[in-house]
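Full structure from sequences and hints, please.
6 protein chains.
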Amino acid sequence: EYLGVTEYSKERYQGNEFAGVVTGLAWTAVGGEILFVETSLSKGKGTLTLTGNLGDVMKESAMLAHEYLKSHAEDLGLNPEIFSNWNVHVHVPEGAIPKDGPSAGVTMVTSLASAFTQQKVKKNLAMTGEITLRGKVLPVGGIKEKILAAKRAGITEIILSEENKKNLEEIKDEYLKGLNFHFVKTIMDVLDFALLKTKVNRPVKL
Amino acid sequence: EYLGVTEYSKERYQGNEFAGVVTGLAWTAVGGEILFVETSLSKGKGTLTLTGNLGDVMKESAMLAHEYLKSHAEDLGLNPEIFSNWNVHVHVPEGAIPKDGPSAGVTMVTSLASAFTQQKVKKNLAMTGEITLRGKVLPVGGIKEKILAAKRAGITEIILSEENKKNLEEIKDEYLKGLNFHFVKTIMDVLDFALLKTKVNRPVKL
Amino acid sequence: EYLGVTEYSKERYQGNEFAGVVTGLAWTAVGGEILFVETSLSKGKGTLTLTGNLGDVMKESAMLAHEYLKSHAEDLGLNPEIFSNWNVHVHVPEGAIPKDGPSAGVTMVTSLASAFTQQKVKKNLAMTGEITLRGKVLPVGGIKEKILAAKRAGITEIILSEENKKNLEEIKDEYLKGLNFHFVKTIMDVLDFALLKTKVNRPVKL
Amino acid sequence: EYLGVTEYSKERYQGNEFAGVVTGLAWTAVGGEILFVETSLSKGKGTLTLTGNLGDVMKESAMLAHEYLKSHAEDLGLNPEIFSNWNVHVHVPEGAIPKDGPSAGVTMVTSLASAFTQQKVKKNLAMTGEITLRGKVLPVGGIKEKILAAKRAGITEIILSEENKKNLEEIKDEYLKGLNFHFVKTIMDVLDFALLKTKVNRPVKL
Amino acid sequence: EYLGVTEYSKERYQGNEFAGVVTGLAWTAVGGEILFVETSLSKGKGTLTLTGNLGDVMKESAMLAHEYLKSHAEDLGLNPEIFSNWNVHVHVPEGAIPKDGPSAGVTMVTSLASAFTQQKVKKNLAMTGEITLRGKVLPVGGIKEKILAAKRAGITEIILSEENKKNLEEIKDEYLKGLNFHFVKTIMDVLDFALLKTKVNRPVKL
Amino acid sequence: EYLGVTEYSKERYQGNEFAGVVTGLAWTAVGGEILFVETSLSKGKGTLTLTGNLGDVMKESAMLAHEYLKSHAEDLGLNPEIFSNWNVHVHVPEGAIPKDGPSAGVTMVTSLASAFTQQKVKKNLAMTGEITLRGKVLPVGGIKEKILAAKRAGITEIILSEENKKNLEEIKDEYLKGLNFHFVKTIMDVLDFALLKTKVNRPVKL
Ligand SMILES: [Ca+2]
Ligand SMILES: [Ca+2]
Ligand SMILES: [Ca+2]
Ligand SMILES: [Ca+2]
Ligand SMILES: [Ca+2]
Ligand SMILES: [Ca+2]
Ligand SMILES: [Ca+2]
Ligand SMILES: [Ca+2]
Ligand SMILES: [Ca+2]
Ligand SMILES: [Ca+2]
Ligand SMILES: [Ca+2]
Ligand SMILES: [Ca+2]
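Going down the list, the sequences are from chains A, B, C, D, E and F. So this note's numbering is basically just the index in the first sequence, starting at one, shifted up by 110. So this note's numbering is basically just the index in the second sequence, starting at one, shifted up by 110. So this note's numbering is basically just the index in the third sequence, starting at one, shifted up by 110. So this note's numbering is basically just the index in the fourth sequence, starting at one, shifted up by 110. So this note's numbering is basically just the index in the fifth sequence, starting at one, shifted up by 110. So this note's numbering is basically just the index in the sixth sequence, starting at one, shifted up by 110.
Heads up, some of the hints might be wrong.
Since copy identity is lost for identical chains, a pair holds within one copy or between any two.
Derived lysine-lysine pairs resembling PhoX-like cross-links, with alpha carbons at most 25 Å apart [as the list claims (entries may be wrong)]: (1) K295 <-> K233; (2) K276 <-> K120; (3) K230 <-> K307; (4) K295 <-> K120; (5) K254 <-> K233; (6) K230 <-> K315; (7) K120 <-> K261; (8) K232 <-> K261; (9) K254 <-> K120; (10) K287 <-> K254; (11) K295 <-> K232; (12) K233 <-> K309; (13) K261 <-> K233; (14) K169 <-> K295; (15) K295 <-> K307; (16) K309 <-> K282; (17) K275 <-> K232; (18) K275 <-> K233; (19) K120 <-> K233; (20) K169 <-> K153; (21) K315 <-> K232; (22) K287 <-> K275; (23) K230 <-> K295; (24) K153 <-> K315; (25) K315 <-> K155; (26) K307 <-> K287; (27) K155 <-> K169; (28) K230 <-> K261.
Bear in mind the hints are in silico, worked out from the structure with no lab data behind them.
So this is what it looks like as structure tokens:
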């Protein structure tokens, strides 16, 4: 067999240059980690393609994100027709690592929203939280490990579900220094905070 | 692997603000629980998408609910064409928890009916019961645990199959205090009771 | 996991009010049982949807029933175009119980024929038998248990394959009292006996 | 679970009244058996549906038969357009018994040819043999058991691959008495012998 | 279960009468064997159907062969539109025997080319070799066993990858007597040698 | 079973004559190896076909490469319509060997870019690296073994992710002699270096 040897390395924050690239926080058996959700659009009939060795639950998060934006297009100032005229591809590097769970929901919906609006994502921001179809943001586990990973990666702004606020109490203050937390109840709260008004360089015309 | 850590927490009733969001009652290995069925519509060709880590039997409940409404559109005052012009997405949070069984049938059909009519669902209401294609509501198990969970969650109105009436006898009166039970034979009984005449705020134009 | 607790209960005959609802006889590890096959039609392109936790062989029975009616439309006085203008959904409650085997064939084809003609099914009737594509009715097993279950459920008329006639000899007369048996060779024999000339109340216009 | 009890019974030959019904010879762990291949046509786009609890190899036999007839339509005096205007459903009773292997190939192709021509099949005929896409008939196993089963079932004419001629030598003459063997090299040899010039009663207009 | 008994028999070369029938060489656990690849065309939209109990790698060989011919239509003097107007069915008898591996690639591409051109294949020819999408012919294993099988079957001309030339050295001269070897680098080398200029009798009009 | 015997042989570099053929570096349990990615185009609706016994992660690499080129068509001077008018087939010989992992990403995207532009690939070049949807090139493992394999195969130019630069330090200078390394951050860096301005002989008109 021809197989790649996986090189594990701790990622660092990589800027907000690209539309559709958003930083998430993940929990792994060996501690927290940041991950990137990348969304790309191409002309088509509105299909959703998912890559990055994703499990079924994580794929459902992307389906929820896509559907939420479709049914709230007007609230976001989007022409509803773009959803049937553009195919969406969502990728989560790195391909050798299986990924699953619902906690990338907020990262997925922000990634898709940035791709469809071509607006920049707030700088030095990472996030974690499950989303629901009506737009709630649910709490997730592994908060301590995720925060340590965020800090190590150069993150300064973190979005969490309001229901995860209680999880910060169990973390030493020195670990929280230099981090700003933004607690949210809804997807709209996330997008209000995470999406900047300015467009990326050379935005795609949708 | 990147996996979410599941945080188990007992849910509370969350209001009736949204069209398509209905509270169900579930039985789990560690007791009863309430769950939410969320339905969202988007323009399309009438497909049905199901998320929330659902097993095959629970998916069939959603198919039955969709089909029942299609073939009884007129009884509900619905234009039959909406079923071929709107895609339906049904989601049951929380994604990390596998769910199965037929007992969410009544919750599914009420969720879809609320989404298609944009009518509010009665306040403080939860329900459990299997549905059949001809519109019967069949009894389900775990009634005692489900009722305890409903009370804890702030529910005051409960819909059950008439064939589950007998199950209340084995429950102490103090547990039933403050709860109103509505026993039903058919899906139409459920919708007559559960769907209010008033529309939600900012209803979707169908 | 959220799972329903299955409540086993012996069913009773439920009348002939609905088009497309037909009573069958099933064999289970704990004895005979009656079951209901429900068929619902909705405008579409002629697809066949099957629910009720059905195994592959039982699904094939529904495909055979659908195909038989298609290719014998004229014999039944049906406009052949209804098969390409109406989707068919066949459901067998109860969803928590896996079901398989070919013996529901006669029940399936009667259910579909009643749905497509909107004619009533004969009262207090139950049936069991495998069907073939050319229209034969083959014998099935478990006759004794099925007959006991039919009697207990309030059935008075039973359709069996002529090749199952011999199975009655091994059953005590007292168990057969009050039951009328109708032995058939073909699907047409079944429909001639089971489908009444009168339409159901508020028939669907096909 | 609701399951049928399988009733094993030795079949008898059933006449040649129906277009598309052909008698084959099968080998089972408990001896030879006859089986029936049934083909039904309905208006459509030319799909091929297969039922009867068939394994992949047996399904491939039906695909080969369908394709062979398509590409030799003219040789059979068939209008090539019927293959894109009529759906084909092939069924092999009995649904409770899994079936596999390539030996029903000649039976399948004769069944489809009879359905497409609406010509009768020769009386008291059974057959066994694998087919290939170019139209060869290959030898199959279990000849002795199959011949005994044919005789018991009332068959008098048997089609075998010429390469199975040698297998008759090992069978006692008394078992062969009353049987006429027709050894074939090609599918055309089979159809020349098996398909009568007369049409069935009330033929379908294709 | 109804299953065929597999009759193993050593095949003999069968002539070049048919378009689309080409002789390959296979390696099995009990020695070499010849096999036949059969291709049939029927009017359609260009689909590729594969039968004969083929494994995934062998199916990929057929896909490669089909694609290679599509993208080199002009080099073969073929109208590119035939690939979207004709369905291709490739079969490898015998259905009871599972087959896999890439070594039938040259046989597949010659079979398809003969079917699309309706040109005869060179007489007494067999071949083995893997193909790639750019048109290379790669060496394969089991050369010694394959050559013995070819000789026994009446083959006199053999096509091998040039990279398999070295494998002949280990075979005794007496086994090679009467065999002509043609070493190839590319699919075009194969087709130049294997396809005759003359058409088959009664060619299909494409 | 008919199976090919796999002949393991070390490959050599094979020139840059063909559009769409690019040399990659793979890691296997028995050391490094070079492999070839071949892309072929044929008129169609833009489907992507993948062959060569590829695992899911390697298939995702091809999907990423295809999507990246679609959404960056203008940057590459490509008419965006070619992606909906041409089907893409990507093959990795040799079919008998299962292949997986993300490290062929850069090879895939170069192969597709060469096919769509019909431009030659730089001579004596091999490469390894994972790609992401936004166009990053990630480091991969097995660098030492891959470099040895490249040298043995006649490669002189090697593209690696900049993040793999550190891996060269652990390799003896004598092994690196005669090799030129090109460290890249992005897919555009890869294509700038790997794709020559000159077209291949007899380019396909797109
Ligand atoms: Ca990493
Ligand atoms: Ca996350
Ligand atoms: Ca919970
Ligand atoms: Ca429920
Ligand atoms: Ca019951
Ligand atoms: Ca039954
Ligand atoms: Ca039998
Ligand atoms: Ca047979
Ligand atoms: Ca053989
Ligand atoms: Ca071969
Ligand atoms: Ca090799
Ligand atoms: Ca590589």
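**Unmet hints by their number, sorted upward, for this structure** = Hints 16, 26 contradicted; others consistent.
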